[in-house]
Amino acid sequence: MKVFIGAITLTVLYLLASASGSHHHHKENKIKEQTAPIITQPHMWASLEGINFLDAEEKIKSDRPELEVVKLNQIYEGTFHDYKDDRVRVFVDDHDSVVGFPTVG
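Taken in order, the sequence shown gives residues 348 to 452; the numbers are from the numbering used here.
Don't take each hint at face value.
[As the list claims (entries may be wrong)] Computed Cβ-Cβ distance ranges for the label pairs, DEER-style:
1) H442 with T387: 29 to 39 angstroms
2) D441 with T387: 26 to 36 angstroms
3) V446 with P389: 17 to 27 angstroms
4) F448 with P412: 17 to 27 angstroms
5) H390 with V446: 13 to 23 angstroms
[Stated by the list, open to error] Restricting the straight-line Cα-Cα distance to at most 30 angstroms, the calculated cross-link-like pairs of lysine-lysine (DSS-like) are:
6) K406 with K431
7) K406 with K418
8) K431 with K408
Honestly, the hints are just simulated from the structure, not real lab data.
Every residue, glycine too, gets a C-beta built ideally from N, C-alpha and C.
Kindly generate the complete structure, drawing on both the sequences and the hints.
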């Protein structure tokens with residue numbers, strides 16, 4: 348969150364410097380250099396639909412090793428009221444192929 352707020356602050360400073368004219372060109376470049384991109388981690392794997400569960404699990408673990416990967420049958424009738432940001436539910440069919448998009452939660 349601190350990185351996100353910092354990036355917003357730097358962006359606002361950059362825009363203010365740009366609006367004040369070209370005599371602040373050096374200052375603009377300095378601010379522009381300090382603005383870092385916001386890095387996000389994947390939370391959904393649409394590309395895994397249709398592949399074997401073990402291959403999907405391997406891909407998810409390579410992207411996000413901290414996540415617990417939970418395999419569920421596509422006709423699972425349990426509850427989904429418990430969101431967990433350290434878990435990915437992967438639904439599979441009778442052939443162990445991924446159905447839908449594995450998603451954090």
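Violated hints - listed by number, lowest first: none
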